[in-house]
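Participant: Here are the chains, one letter per residue:
Protein chains: 2
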Amino acid sequence: METIKTNRRMLGARFLAIAVLMLLTIPVMAQKRQFTLEQLVYGGTEFWNYQPDYVQCQFWGDRLVRLEADEAVLIQDEKGQEQSRRLFGDTEIEAIGYGRSLNVMSATFPDPTKPWALVYTSKGVVLYDWEAKTAVWKQERIPGTQEFCYASRSTAYVKGHNLFVRTADGRDLQVSTDGSRVLVYGQSVHRDEFGITKGLFWSPKGNLLAFYRMDQSMVTDYPQVDIALPNLEGEDSSRVARLVPDKYPMAGETSHKVTVGVFNPATGSTVYLQAGDPTDRYFTNIAWSPDEKTVYMIELPRSQDKAELVAYDARTGARQRVLYTETNPKYVHPEHPIQFLPWDATKFIYWSERDGYNHLYLFDVEKGELRQLTSGSFVVTDVLGFNTKSKSIIIASREASPVKVNYWSVDIKSGKRVMLDGGQGVHSGMLSAGGAYIFDRWSSPSVIRRYDCLDVARPEKARTLKDCDDPWAAFDVPEISGGTIKAADGVTDLYYRLVKPTGFDPAKKYPAVVYVYGGPHARNVDEARNWGARGWEIYMAQLGYVVFVLDNRGSSERGFEFESATFRHLGDEEMRDQIKGVEFLKSLPYVDADRLGVHGWSFGGFMTTNLMITYPDVFKVGVAGGPVIDWRYYEVMYGERYMDTPQENPEGYESTSLIRKAGNLKGRLQIIIGYNDPTCVPQHSFAFLKACAEAGTQPDFFAYPNEGHNMAGHNYEHLHERITRYFEDHLK
Amino acid sequence: METIKTNRRMLGARFLAIAVLMLLTIPVMAQKRQFTLEQLVYGGTEFWNYQPDYVQCQFWGDRLVRLEADEAVLIQDEKGQEQSRRLFGDTEIEAIGYGRSLNVMSATFPDPTKPWALVYTSKGVVLYDWEAKTAVWKQERIPGTQEFCYASRSTAYVKGHNLFVRTADGRDLQVSTDGSRVLVYGQSVHRDEFGITKGLFWSPKGNLLAFYRMDQSMVTDYPQVDIALPNLEGEDSSRVARLVPDKYPMAGETSHKVTVGVFNPATGSTVYLQAGDPTDRYFTNIAWSPDEKTVYMIELPRSQDKAELVAYDARTGARQRVLYTETNPKYVHPEHPIQFLPWDATKFIYWSERDGYNHLYLFDVEKGELRQLTSGSFVVTDVLGFNTKSKSIIIASREASPVKVNYWSVDIKSGKRVMLDGGQGVHSGMLSAGGAYIFDRWSSPSVIRRYDCLDVARPEKARTLKDCDDPWAAFDVPEISGGTIKAADGVTDLYYRLVKPTGFDPAKKYPAVVYVYGGPHARNVDEARNWGARGWEIYMAQLGYVVFVLDNRGSSERGFEFESATFRHLGDEEMRDQIKGVEFLKSLPYVDADRLGVHGWSFGGFMTTNLMITYPDVFKVGVAGGPVIDWRYYEVMYGERYMDTPQENPEGYESTSLIRKAGNLKGRLQIIIGYNDPTCVPQHSFAFLKACAEAGTQPDFFAYPNEGHNMAGHNYEHLHERITRYFEDHLK
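Protein chains in written order, with our numbering: chain H, 603 to 1334; chain X, 603 to 1334.
Hints were generated in silico from the structure; no laboratory data involved. Be careful, since some hints might not be right.
Intra- or inter-copy, both count: the list cannot distinguish identical chains.
Listed below are the simulated DSSO-like cross-link pairs for lysine-lysine, each with C-alpha atoms no more than 27 Å apart in a straight line [said to hold, decoys possible]:
1) 807 - 634
2) 969 - 993
3) 949 - 932
4) 716 - 1110
5) 932 - 681
6) 1334 - 1222
7) 1111 - 716
8) 1268 - 1334
9) 1111 - 1334
10) 716 - 807
11) 908 - 800
12) 993 - 932
13) 725 - 949
14) 1088 - 969
15) 681 - 800
16) 1222 - 1263
17) 1018 - 725
18) 681 - 849
Bear in mind the structure is a predicted one, so any value in this text is a computation, not a measurement.
Given these sequences and hints, build the entire structure.
Facilitator: Written as structure tokens, this is what we have:
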């Protein structure tokens, strides 16, 4: 059942495609097509032509609006009744005379009670009233980092390293004057760890602005070099490569100092939260009380073995009290700010891993912790929001299976959980303002991609908005399956994905490539479409490789013990588990045990390099991207969480360093980096190359100038051509 | 005939080797050995064991002294009579109580009339009297850049960027106080072009010191990055890679400013030569008049189309007069300071290419040019010195053949030339103080290495000091030959070297690798041992490759027209000539035209990359080391000489840039650089990699951290293993 009309332009293309397919299928009888790399890999120019249809919706209160590039259409009312009413489009927006309409897909509906949409034009942002066909409010575009508050229509923004606020009526208030490359205002801090993604936090009504200030003058610069020369012929500036220094605190070295300010646009004054000496401390998960009187932070010492939830007076900056303290001899890892119940400003939700899994706890601002809301051997992965009617919290969790993500409503009073989505596949969605409906996008090994609108009160009444056709139906797609093996500890179940070669012949022997990440905070195997296989895996299958992917201990969303088994010796347990995967691979009669390869990026590059030199007789070929080579060169926040400092754990750093093992390399290993990688700085790979030259081993190497930790756009495709060629050169 | 006894330690080794060889040869009958890479390639630990014997001699006046690690032995007296008298050794030097004796091979005999040797101990330098067995004079070691003057026994030296003089009696005089990384005293300037190798020039008697001062504050820094972390465990300093900025003036950009000072140790005062505004000028080839009153320089404007020989008053710095001016619409390239006749302080020798070949001219300090001393279609390559008795100048030249270097005496009065060495091979030697004898080291395709003592007055009476055994006698050495083909102009003879595969079978088809340099100021083919073949060529021959080396137009010591055929469009004519070489290669019945490779370094890396993308169907595999990719990224002095500035020659720079041609790459190309290359900065190769990624081509790449333009020691061997592997991977 498909209730959403397909974009007209796409229909034309589809018709043509069907016609061509008919022509093709009649003479050759089910001869299926082979993919090109650019059809499978992000960055390839054809990639988007072979992805499932994309549907964009937004809630307007509890009403659902479908957004296309050129128009917004109401498709469901607040009672769940199907509608099909065009609200507005490009023409109407442009009629107000404030520039060309940009993509309507980015429209939002901030006020459930008003026919207003925030839309973007070539001039700026417009609060558009589609009934009156007027601009309720508009403001010119502000470039760069910014945070808009709908309630006050103020925008906090960073310009020339300093922080400003533009008020609803267009006045600019300057918040800081001493901003610089080393004194950073309004940006994400602590290298985006602890769930931090931004540095500007408006209070609920927009009367106050909390912001981060980071002093990194004491941090050593990493000398990044920009060789990009956009104007080769231009003689007005030097052609010489430029230094682009980047403050990079390495594990055990001097770190930056963060403070939190609160700016009051009404008075123009700023107070700083009186948190004490910021040296070697992390100020994370900033949240506002609904009444704007209190700012909450979760504070950690550099050791990360303690987290304190602390309240501050937003007007004076005075430290009020510690509401909760959690400790763990390994680490505490808060990533979610507290969230207040919409119907009770005295109570909030707190996330904690203290029972071994990320679960939710109910707190009272005065009495502290009230009770645990969710529990069990699974993790909560998301809080979508609250249903104000039923007084329940809508969450996503892995309760149905470690490889699924499903929605549940949790009754705040009783803790009773109700599954909302049928329990299949991996879901990601959006809750309506009142919490009555979920706009749900999901897939499973048997569902390509589906968009549903779920009714939280009546889960059985889910409405399917679009059940996407398989964009690969005409292609010879390899067999992809999932399963479990036992970890090296003999007890833990590990989930794998197995991609068989296209045109699989069980009598043949195929080379096999292990794709690996293996680090904390990520995972690869899920019961989503194709078991989560990446396009490159399909491409390799087409070239006649078996591809195997295993989420070893240390990877995410399996609980604290599973993740922290690797504490203070990153790589060791992860590799032991991957070797279990190799044993499984070798047990498959169609896998050629003499032709095993391995590939991974970032932590996966660390794993790949590590596997090549720790188990030199297992893998013949490896391609390691953006690898960590020595945790002493990695940054403070992530590195010390999992490894402690080099001073505290010298033997752990020494034994996990790949530099000392460079002489073990036997097979063919290519290391590939973004030459301007700010995450795993080039020093990692260059130190390894130096060690290999000294030890007489011969890794291969490539660097993409002006690329960071991951390749962008076209270079991502170029990279995968490169990776593929290496296996074709040496593993076939 | 061998008159020099072989070092005792080596004799032992040789005896053992002979014994082993006998054991080997009896059962297997002339089964010859194969080389390992480290036996053939500099940097390999065994390399020196398979080089011809090394003999070190020095003249003491016109007497010849053989130097060994531990002793000095007089082997010929001033009348040419054979002697064998031990002068001194380690024991005697150490008996003076001034530290352990260092290698006696570095001893010199500065005074023909005294039994004195300058020798070095672990403490410093000693002027040792071997008859009195005492130190006539001694001084502690000074580290770093320095220039010693025997006459005054003063040492000029650089310490902490500033210039000092240490007098014979040990006083330190400070010459400069404002030295820094950007204000450089006493070092070589103009990036070692124009024959400049140093920055300190003592006057003949050591009463005055001329020195270079280079202000490079206006030059853009190239951001070199040092990733070397010598003390990985040390927590006292940062582990973060360090910036090592290097002032690098790129073609067409702002260059440095050089001035020349003259310091008087007696007064402690310095005057600067009043040469006028140093902006965009080169001050080269500093020379002193015998009476120390005048300093001569050859001055060029940045355009390098003019050279002026200018005299300055050494006491006042006043510019006195221009003695000679030479212009050339392409470039003038002086590389030799003037040299005064020992018997006539009013006359000197001047080098000029003005008739198309580097020849010598006699000048009078007052009257200017007197006459041309040498002429013909050949170049003079060296002035060894003067024979004061016959009033002749002893030169080396390529008169006998463009691929030979031989000695001649030239009578100053008549210009008559007499060949001194029999006219075979390539010679390099040292003339005795009075010019009576030459200590000659030479080789030819039929002479492994020979040491002779030539009698300038009676060339036929040459005495052979050592005719070296072939260190490769037990090895299966491939056939190496030389010859000529016509250049792409159809007229010019080009010399090549051809190495056939070991165990050559004319019925087989072999892959062939072209080794190329091709740039100005260098050449590869000479009638020396093995026609000048490098060890790696022997190794490749052993692996079954034909190796071909051709000195195209543009290479050195064939005259100005030959060299400057490439002016303003480097690479084009050079490649046309190399393609002529390829046609010749393809005409050989045993060369497989489908398996051609090319390898070169520096200018040869430019040629290799250029050939791969300009003639993409000719070469299947290339390995380019430290390549120039775009002459706009090369330095001012060398670059603008051959290309003019980018402003003057935009089409030349554009058409010779490899960046625009990156998309033409079809074969396999590996680019290898020293990651800290200060000559061809890494920007060249990274810009090419970026262009290739954008164009969708796939070069391979490797970088040696902490290496410069050429690999040092062990890494040189590692590099050649790497180069070899690439051909083995893709050309076999």
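Participant: List in ascending order the numbers of the hints, as given earlier, that are violated by the structure.
Facilitator: Hints 1, 3, 4, 5, 7, 12, 13, 14, 15, 17, 18 not satisfied by this model.
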